[in-house]
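Trainee: When we follow my numbering, the leftmost residue of the sequence shown carries the number 24, and every step to the right adds one.
One thing to keep in mind: the hints can contain errors.
[Stated by the list, open to error] Subject to a maximum C-alpha distance of 27 Å in a straight line, what follows is the list of computed DSS-like cross-link-like pairs (lysine-lysine):
| hint | residue 1 | residue 2 |
| --- | --- | --- |
| 1 | Lys-144 | Lys-194 |
| 2 | Lys-80 | Lys-168 |
| 3 | Lys-144 | Lys-177 |
| 4 | Lys-41 | Lys-161 |
| 5 | Lys-41 | Lys-194 |
| 6 | Lys-41 | Lys-168 |
| 7 | Lys-80 | Lys-177 |
| 8 | Lys-161 | Lys-144 |
| 9 | Lys-194 | Lys-177 |
| 10 | Lys-177 | Lys-161 |
| 11 | Lys-41 | Lys-80 |
What the hints contain is simulated information worked out from the structure, not anything from laboratory work.
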Amino acid sequence: MNYSTSEMMTVAAARRLKNGAVCFVGIGLPSKAANLARLTSSPDVVLIYESGPIGAKPDVLPLSIGDGELAETADTVVSTSEIFRYWLQGGRVDVGFLGAAQVDRFGNINTTVVGDYHNPKVRLPGAGGAPEIAGSAKEVLIILKQSPRTFVNKLDFLTSVGHGEGGDSRKRLGLPGAGPVGIITDLCIMEPEEGTHEFVVTTLHPGVTREQVIAATGWAVRFADNVVTSDAPSDDELNALRDLEARTAAAHGQAPGEA
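Using the sequences and the hints, build the whole thing.
Mentor: Right under this line is the structure:
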(Lines of atoms letter the chains of each structure in order from A; the text may use other names.)
(Lines give C-alpha, C1' and ligand atoms only; values in the text may rest on other atoms or scores of the structure.)
Protein backbone atom coordinates (compact mmCIF):
# COMPACT_ATOMS: atom_id res chain seq x y z
CA MET A 24 0.00 0.00 0.00
CA ASN A 25 1.15 3.54 -0.69
CA TYR A 26 1.53 5.81 2.31
CA SER A 27 2.22 9.45 3.13
CA THR A 28 5.12 10.86 5.12
CA SER A 29 2.66 11.76 7.90
CA GLU A 30 1.48 8.16 8.05
CA MET A 31 5.09 6.96 8.21
CA MET A 32 5.71 9.34 11.11
CA THR A 33 2.65 8.17 13.04
CA VAL A 34 3.44 4.49 12.50
CA ALA A 35 7.09 4.96 13.48
CA ALA A 36 6.04 6.74 16.66
CA ALA A 37 3.47 4.08 17.52
CA ARG A 38 6.12 1.38 17.23
CA ARG A 39 8.18 3.09 19.94
CA LEU A 40 5.46 2.57 22.55
CA LYS A 41 6.04 -0.72 24.39
CA ASN A 42 3.16 -3.02 25.21
CA GLY A 43 2.08 -2.68 28.83
CA ALA A 44 3.67 0.73 29.28
CA VAL A 45 1.87 3.46 31.20
CA CYS A 46 1.78 6.41 28.80
CA PHE A 47 0.83 10.01 29.58
CA VAL A 48 -0.55 11.26 26.27
CA GLY A 49 -0.70 14.73 24.75
CA ILE A 50 -3.51 15.74 22.40
CA GLY A 51 -2.92 15.78 18.63
CA LEU A 52 -0.15 13.77 17.01
CA PRO A 53 0.88 12.05 20.28
CA SER A 54 -2.70 10.86 20.84
CA LYS A 55 -2.96 9.56 17.28
CA ALA A 56 0.31 7.62 17.58
CA ALA A 57 -0.48 6.27 21.05
CA ASN A 58 -3.92 5.05 20.02
CA LEU A 59 -2.51 3.48 16.87
CA ALA A 60 -0.07 1.59 19.10
CA ARG A 61 -3.01 0.42 21.24
CA LEU A 62 -4.81 -0.82 18.12
CA THR A 63 -1.77 -2.63 16.70
CA SER A 64 1.50 -3.54 18.40
CA SER A 65 0.70 -2.58 22.01
CA PRO A 66 -2.86 -3.64 22.92
CA ASP A 67 -2.13 -3.57 26.66
CA VAL A 68 -0.69 -0.05 26.79
CA VAL A 69 -2.30 2.09 29.51
CA LEU A 70 -3.16 5.55 28.18
CA ILE A 71 -3.46 8.40 30.69
CA TYR A 72 -4.73 11.87 29.82
CA GLU A 73 -4.30 15.06 31.83
CA SER A 74 -7.99 15.37 32.70
CA GLY A 75 -7.96 12.14 34.71
CA PRO A 76 -8.87 9.14 32.49
CA ILE A 77 -6.70 6.06 33.12
CA GLY A 78 -6.75 3.23 30.59
CA ALA A 79 -8.64 5.27 27.98
CA LYS A 80 -9.62 3.33 24.85
CA PRO A 81 -11.26 5.92 22.61
CA ASP A 82 -12.90 4.73 19.40
CA VAL A 83 -12.19 8.15 17.87
CA LEU A 84 -9.41 10.62 18.61
CA PRO A 85 -10.27 13.20 21.28
CA LEU A 86 -10.62 16.87 20.41
CA SER A 87 -9.20 17.87 23.79
CA ILE A 88 -8.34 16.41 27.18
CA GLY A 89 -11.93 17.18 28.18
CA ASP A 90 -13.46 15.06 25.41
CA GLY A 91 -16.10 12.76 26.92
CA GLU A 92 -14.85 9.88 24.76
CA LEU A 93 -11.85 9.57 27.05
CA ALA A 94 -13.80 9.27 30.30
CA GLU A 95 -16.44 7.00 28.78
CA THR A 96 -13.87 4.46 27.56
CA ALA A 97 -11.42 4.61 30.49
CA ASP A 98 -10.92 1.94 33.13
CA THR A 99 -11.32 4.67 35.72
CA VAL A 100 -11.25 8.45 36.06
CA VAL A 101 -9.43 10.24 38.86
CA SER A 102 -8.75 13.86 39.69
CA THR A 103 -6.16 15.84 37.77
CA SER A 104 -4.21 16.32 40.99
CA GLU A 105 -4.00 12.52 41.42
CA ILE A 106 -2.81 12.12 37.82
CA PHE A 107 0.05 14.50 38.44
CA ARG A 108 0.93 13.84 42.08
CA TYR A 109 0.41 10.08 42.40
CA TRP A 110 1.01 8.87 38.85
CA LEU A 111 3.45 11.29 37.26
CA GLN A 112 5.43 12.71 40.16
CA GLY A 113 5.17 9.35 41.89
CA GLY A 114 7.24 7.73 39.14
CA ARG A 115 4.42 5.58 37.77
CA VAL A 116 4.42 6.94 34.19
CA ASP A 117 6.74 5.03 31.87
CA VAL A 118 6.43 7.27 28.83
CA GLY A 119 5.33 10.83 28.21
CA PHE A 120 4.20 11.36 24.61
CA LEU A 121 4.44 15.02 23.58
CA GLY A 122 4.10 17.24 20.53
CA ALA A 123 5.78 20.60 20.01
CA ALA A 124 5.77 23.76 17.93
CA GLN A 125 9.56 24.01 18.20
CA VAL A 126 12.27 21.67 19.42
CA ASP A 127 16.03 22.22 19.71
CA ARG A 128 19.06 19.93 19.49
CA PHE A 129 18.71 18.90 23.15
CA GLY A 130 15.02 18.04 22.99
CA ASN A 131 13.80 21.17 24.74
CA ILE A 132 10.25 22.12 23.66
CA ASN A 133 8.38 25.31 22.89
CA THR A 134 4.57 25.28 22.95
CA THR A 135 4.09 28.87 24.16
CA VAL A 136 4.83 31.50 21.49
CA VAL A 137 6.53 31.97 18.14
CA GLY A 138 8.42 35.25 18.13
CA ASP A 139 8.88 37.67 21.02
CA TYR A 140 6.90 36.66 24.10
CA HIS A 141 5.40 40.14 24.57
CA ASN A 142 4.65 40.67 20.89
CA PRO A 143 4.48 37.18 19.37
CA LYS A 144 3.85 36.25 15.77
CA VAL A 145 1.80 33.31 17.03
CA ARG A 146 0.51 32.60 20.52
CA LEU A 147 0.35 28.84 20.99
CA PRO A 148 -1.85 26.73 23.31
CA GLY A 149 0.72 26.93 26.09
CA ALA A 150 2.34 24.54 28.52
CA GLY A 151 -0.56 22.52 29.91
CA GLY A 152 0.95 19.54 31.66
CA ALA A 153 3.93 19.24 29.28
CA PRO A 154 6.58 20.70 31.63
CA GLU A 155 5.65 18.21 34.36
CA ILE A 156 5.51 15.32 31.89
CA ALA A 157 8.89 16.26 30.41
CA GLY A 158 10.39 16.53 33.87
CA SER A 159 8.97 13.49 35.64
CA ALA A 160 8.06 10.74 33.14
CA LYS A 161 10.61 7.94 33.04
CA GLU A 162 11.07 8.60 29.31
CA VAL A 163 9.70 11.10 26.82
CA LEU A 164 8.88 10.70 23.14
CA ILE A 165 8.37 13.76 20.93
CA ILE A 166 6.52 13.72 17.62
CA LEU A 167 6.31 16.58 15.10
CA LYS A 168 6.79 17.35 11.43
CA GLN A 169 10.29 18.47 10.54
CA SER A 170 11.17 21.86 9.05
CA PRO A 171 13.59 24.71 9.82
CA ARG A 172 10.67 26.47 11.55
CA THR A 173 10.10 23.57 13.97
CA PHE A 174 13.67 22.29 14.41
CA VAL A 175 15.36 25.45 15.54
CA ASN A 176 18.82 26.40 16.73
CA LYS A 177 17.29 28.45 19.58
CA LEU A 178 13.76 28.20 20.92
CA ASP A 179 11.65 31.36 20.95
CA PHE A 180 10.46 30.23 24.39
CA LEU A 181 11.49 27.25 26.51
CA THR A 182 8.25 25.67 27.73
CA SER A 183 9.38 22.16 28.68
CA VAL A 184 12.92 21.06 29.49
CA GLY A 185 14.40 18.17 27.57
CA HIS A 186 18.14 17.81 28.15
CA GLY A 187 18.60 21.50 28.93
CA GLU A 188 22.02 22.62 27.77
CA GLY A 189 23.14 19.04 27.18
CA GLY A 190 25.54 16.84 29.12
CA ASP A 191 24.45 16.37 32.73
CA SER A 192 22.08 19.35 32.60
CA ARG A 193 19.02 17.36 33.69
CA LYS A 194 20.88 15.92 36.66
CA ARG A 195 22.02 19.37 37.73
CA LEU A 196 18.44 20.62 37.44
CA GLY A 197 17.29 17.80 39.71
CA LEU A 198 14.83 16.34 37.19
CA PRO A 199 14.01 12.70 37.97
CA GLY A 200 13.07 11.43 34.51
CA ALA A 201 15.45 10.36 31.76
CA GLY A 202 14.09 13.07 29.46
CA PRO A 203 13.47 12.71 25.72
CA VAL A 204 14.70 9.43 24.26
CA GLY A 205 13.36 9.91 20.74
CA ILE A 206 12.15 12.58 18.35
CA ILE A 207 10.01 11.06 15.59
CA THR A 208 9.36 13.13 12.47
CA ASP A 209 8.02 12.69 8.96
CA LEU A 210 11.64 12.32 7.75
CA CYS A 211 13.57 10.46 10.42
CA ILE A 212 14.05 9.43 14.01
CA MET A 213 16.55 11.21 16.24
CA GLU A 214 17.96 9.95 19.52
CA PRO A 215 20.19 11.61 22.13
CA GLU A 216 23.90 10.99 21.79
CA GLU A 217 25.45 9.37 24.84
CA GLY A 218 27.27 11.91 26.96
CA THR A 219 26.30 15.11 25.10
CA HIS A 220 22.56 14.30 24.87
CA GLU A 221 22.45 16.16 21.56
CA PHE A 222 19.91 14.61 19.22
CA VAL A 223 21.43 12.89 16.21
CA VAL A 224 19.75 11.07 13.35
CA THR A 225 19.69 7.32 13.91
CA THR A 226 16.98 6.27 11.45
CA LEU A 227 15.86 7.57 8.05
CA HIS A 228 12.40 6.79 6.74
CA PRO A 229 12.26 5.01 3.37
CA GLY A 230 13.19 7.25 0.45
CA VAL A 231 14.44 10.11 2.65
CA THR A 232 17.96 11.40 2.05
CA ARG A 233 20.42 12.96 4.46
CA GLU A 234 20.26 16.13 2.40
CA GLN A 235 16.50 16.40 3.02
CA VAL A 236 17.02 16.10 6.77
CA ILE A 237 19.81 18.68 6.76
CA ALA A 238 17.63 21.13 4.80
CA ALA A 239 14.76 20.64 7.26
CA THR A 240 16.83 21.23 10.41
CA GLY A 241 17.72 24.62 11.84
CA TRP A 242 20.97 23.47 13.42
CA ALA A 243 23.98 21.61 12.04
CA VAL A 244 22.39 18.21 12.48
CA ARG A 245 24.66 15.19 12.84
CA PHE A 246 24.11 11.55 11.94
CA ALA A 247 24.90 8.44 13.95
CA ASP A 248 27.71 6.18 12.75
CA ASN A 249 25.21 3.50 11.73
CA VAL A 250 22.02 5.05 10.36
CA VAL A 251 19.31 2.50 9.60
CA THR A 252 16.11 2.71 7.55
CA SER A 253 12.64 2.44 9.03
CA ASP A 254 10.48 -0.48 7.98
CA ALA A 255 7.68 0.74 5.75
CA PRO A 256 4.22 0.69 7.32
CA SER A 257 2.49 -2.64 7.05
CA ASP A 258 -0.98 -3.01 5.56
CA ASP A 259 -2.36 -3.74 9.03
CA GLU A 260 -0.80 -0.56 10.46
CA LEU A 261 -2.07 1.59 7.61
CA ASN A 262 -5.56 0.11 7.71
CA ALA A 263 -5.79 0.64 11.49
CA LEU A 264 -4.56 4.24 11.17
CA ARG A 265 -6.85 5.13 8.28
CA ASP A 266 -9.87 3.54 9.94
CA LEU A 267 -9.13 5.53 13.11
CA GLU A 268 -8.83 8.77 11.13
CA ALA A 269 -12.02 8.05 9.18
CA ARG A 270 -14.02 7.35 12.36
CA THR A 271 -12.66 10.53 13.93
CA ALA A 272 -13.46 12.65 10.88
CA ALA A 273 -17.01 11.31 10.76
CA ALA A 274 -17.55 11.85 14.49
CA HIS A 275 -16.19 15.41 14.48
CA GLY A 276 -17.51 16.54 11.11
CA GLN A 277 -14.05 16.86 9.63
CA ALA A 278 -12.82 16.19 6.13
CA PRO A 279 -10.77 12.97 5.80
CA GLY A 280 -7.14 13.60 6.76
CA GLU A 281 -7.94 16.36 9.28
CA ALA A 282 -8.34 13.91 12.14
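Trainee: CA of Lys-80 to CA of Lys-177, is that 27 Å or under?
Mentor: The hint is violated at about 37 Å.
Trainee: Run the distance test for Lys-177 versus Lys-161: straight-line Cα separation, threshold 27 Å.
Mentor: Holds, at about 25 Å.
Trainee: Given the proposed pairing of Lys-144 with Lys-194, does the C-alpha separation stay at or below 27 Å?
Mentor: Cα-Cα ~34 Å, so violated.
Trainee: Within a Cα-Cα threshold of 27 Å, do Lys-161 and Lys-144 meet the stated pairing?
Mentor: violated, 34 Å
Trainee: With the threshold set at 27 Å, check whether the alpha-carbon distance from Lys-41 to Lys-80 stays at or below it.
Mentor: holds, 16 Å
Trainee: Would the pair Lys-41 and Lys-194 pass a check requiring their Cα atoms to be no farther apart than 27 Å?
Mentor: Holds. Lys-41 to Lys-194 sits at ~25 Å (cutoff 27 Å).
Trainee: Does Lys-168 sit within 27 Å of Lys-41, going by the straight-line distance between their CA atoms?
Mentor: OK: Lys-41 and Lys-168 at ~22 Å, within 27 Å.
Trainee: With a cut-off of 27 Å on the C-alpha distance, tell me whether Lys-194 and Lys-177 pass.
Mentor: holds, 21 Å
Trainee: Can you confirm whether the C-alpha distance between Lys-80 and Lys-168 stays at or below 27 Å?
Mentor: holds, 25 Å
Trainee: Are the Cα atoms of Lys-144 and Lys-177 separated by 27 Å or less?
Mentor: holds, 16 Å
Trainee: Is it true that the CA of Lys-41 sits at most 27 Å from the CA of Lys-161?
Mentor: Holds: Lys-41 and Lys-161 sit about 13 Å apart, inside 27 Å.
In the structure shown, a violation is registered for the earlier hints numbered 1, 7, 8, in ascending order.
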